[in-house]
Amino acid sequence: MMALLEVQGLTKHFDLSGDILGRLLHGQKVLKAVDGISFAINEGETVGLVGESGCGKSTTARLITRLIAATAGQVHFLGKDILTLPATQVREIRRDIQMVFQDPFASLNPRMKVVEIVGRPLTLYQGLKGAKKIDGVSELLELVGLSTDCLYRYPHEFSGGQRQRIGIARALAPRPRLLIADEPVSSLDVSVQAQVLNLFGELKRKLNLTMLFISHDLNVVEYLADTVAVMYAGKIMEIAPVEQIFKLPLHPYTQGLIASNPTPESYMEQPMPTLRGEVLLPLNPPPGCRLEPRCPLHVDRCKSVEPLPEEKRPRHWAACHEV
Amino acid sequence: MNRPLLEVNNLTVQFRLKRGTLTAVDNLCFTIDEKETLGIVGETGCGKSATALSILRLITAPPGRIVGGEILFEGDDLLKKSEREMEKIRGNKISMIFQEPMTSFNPSFTIGEQIAESYRIHLRHSKKTALESTQHILDAVRVPSPRTIMARYPHQLSGGMRQRAMIAMALSCQPRLLIADEPTTALDVTIQAQILELLEELQEKMKMAMLFISHNLGVMARLCNRIGVMYAGSLVEIADKKSLFTSPLHPYTIGLLRAVPRRDRRHEPLKAIPGNVCSLLEPPPGCRFHPRCSKAKEICRAELPSLENRSGHHHPVACYFPGE
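Going down the list, the protein sequences come from chains L and V.
Per my numbering, the very first residue in the first sequence carries number 1; after that it's consecutive.
Per my numbering, the very first residue in the second sequence carries number 1001; after that it's consecutive.
These are calculated hints, taken from the structure and not from any lab test.
One should not assume that every hint holds.
Claimed, not checked - Quick look at which bits of chain V chain L covers, simulated, 3 or more residues with Cβ under 8 Å:
(1) 1153 to 1162
(2) 1183 to 1190
(3) 1251 to 1260
(4) 1272 to 1279
Glycine residues also receive a C-beta, built at the ideal position from the N, C-alpha and C atoms.
Extracted from the complex, chain V is given alone in its bound form:
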């Protein structure tokens, strides 16, 4: 087995706030293989986006800080690189697409100028070839009449078109890894379906790996090979897509799957997870999920379970009493 493309070990990210120190990401470990799509799913404030930003070292400091761990990309620790070295990696070998393309483009430059910049900086294209390449990549993300779109400013495009332009920019240097942070959340469902289809197709063509972050299990189901479920800064379960949906082990995963209204269970009340997501400023002792868990016992309140293979089960889970 080859070395994974990305290996995140014991990543911990904290934010220093007036009210105290918030641990957004807590001892997180996962790997992504070449050409694989790993999904990370979780609710608001569980640390999904902080994880994505840490990989590119884009956590705003202060108040944020990567406190510990390592992020090995092609064997090198990204956390040990200088800012200059990181600039060569961002947008080149690893690139990212964000939820709201309106705020991620610069409003005072045309779409064409912004995409071409990436060719000029990373691939040292001349102005003319950069513009030609821009046209090609916009064509590849199926933007109708790329030349017209290149001359437009971000606010002149629709949400779906902006997201296509954003994907074009992210893919301009043929990255090895694409990080997509809720890329379809701001879009309408019919447009979302188009973008998901496009991402799937481009990944196949460009043979890149993808880290796909979302709160929507349905979207995950569509696109990912493996899925990790995140709660309060840690992964509580990670499995290939099929096992996760057919035999979820962690009570939180089971709860999430049951909380989505389903056609075949229309007449039953939804199985809601009681309570609210815990505060990361003062997380409960032991398992972070225990105050909302119906199976919690003494040990859950005392000790944080680690993410590991438990006897009788086939994929890693951070729970002392996994399964239904």
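Isolated chain L, as found in the complex:
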């Protein structure tokens, strides 16, 4: 099967050295936020990208949509490399790749009514105006579980969950081929979060949606994703089908992450094993494995030789010397 999106060696380095004086005094400081990651998303598939804060999840989303420029790498989408497209063609790509953001309070224009927020992409990309536009918006609202009463209301009149639905309707308006959702349920309360997760599940089935779903919450990713990629300090540590990765995680980081995740079922279990030490910020990272300082399995060569992703089981890649 041809992949819809194929990311190869995607890299983003931020130079934090400041001006020339800072560089001379403190040397060069490079934050390797995303450092040579590769993965693919097939048509109709949902890839969950999971990791802790600062691991480069959101930067990855921004690179794919070309909201920021990549340092290196390729992103193949519909036969083109997104990263080298001229600016005039980027807009077209943005129609095919839409995003849903974390904070539903910040991502909707407070001065626009719902009909304008959701209707604008319809006008821009499909040339719909007047009654046709309103019909289109009503249809989209129905799809995300909102009634047409909402058409002429402003974002502040809605609750967090409803706003996220509006954000999803807006993202679906240009009929994207790929939807990137960056922590779309993280700011919602549990009871409302479940409603929005159900909506994503339903849309996935109904529209055969292809999604890159980014979250720090393992439970959420496990619920929605078909394939899970685990990121740590700018690198992908493990990629596998969802059943595999939660049942038989290979990478010590994935194992630690799953063990650290408190769930109601764990109420009688024995103390969980934890990863020691602090989350690494990839600022001038050492040459070896980024998990090495925290890893229970580490050996000498982890310090100097970086492990590359290997297919350790069918369709199950892990970047670790010791598994």
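Go by the hints and put chain V onto chain L.
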């Protein structure tokens, strides 16, 4: 049976806002025994934090006000104490840790100075012994190289390290009761696991009681002996951990437990609770949960059910039709 360490009776807290009076905590009752951990779980705006702040009398007034009730700590009503007496209790017999340690430390003093202050004020240590004690307590919360950390300012520490320093400060006077308000919410999961483990261990060692507030049922499951579920300012159910997870009675508790994605139910749609949390400015009449409840009947719309043992069930619940 001994008297409980903390006894909260009919606590009511209101906030006067331009739009009207908001009852954040409504006739709340619960107790905490010595060495026990009570968890209070609930969603945004249910009154969890207002409850925690009331116990230390830290509700900002105005607009907030503790309108009624009593908070008995070791038999004395904290609401009747003078501000001076409260100052002796805060950080000494009862202390608190907050969600965001960055905003709870003073940014212009070093971590060492801030922790030492608590020894100097409450335990009247000299400057030198206070600094020594600070080093010991930082060691106890497993801060690597305490001396270096003491000389740092809050912004120079990572989130996990700041939370450790905060716990050290809270525990400096060996409190009888520690109130933890979402202490791990701002942290990454692997760091959260470390902090939970630390709290559990320290509680055992220092033999203190804990009031643990969180929106995360998983975290609760890990740490608490008993759990109270709060909705719209009141407790709707309270039970020991095992009963709450295996036989929840209130429809809201049942809903919350089902709303969390679970491994064994991956292919079913989540059972979301319909609707949104009710407004505390204009709460619905009767049971606050009835507009979202599938079992609501006439009586639920008319009368607020009280938290009590209902026939055939083993723990208190505020519902006329408890159980599945």
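Okay, the hints, checked on the actual structure:
Check result for the segment 1153 to 1162 of chain V against chain L: holds, 3 residues qualifying (beta carbon to beta carbon below 8 Å, three or more required). Coverage of a stretch by a chain is defined here by at least three residues with a beta carbon nearer than 8 Å to that chain's beta carbons; for the segment 1183 to 1190 of chain V and chain L the count is 3, and the condition holds. Residues of the segment 1251 to 1260 of chain V with a Cβ under 8 Å from some Cβ of chain L number 6, which satisfies the need for three, so the listed coverage holds. Restraint check on the segment 1272 to 1279 of chain V versus chain L: 5 residues with Cβ-Cβ distances below 8 Å, three needed, restraint holds.
Comparing the model with each earlier hint shows no violations; every hint is respected.
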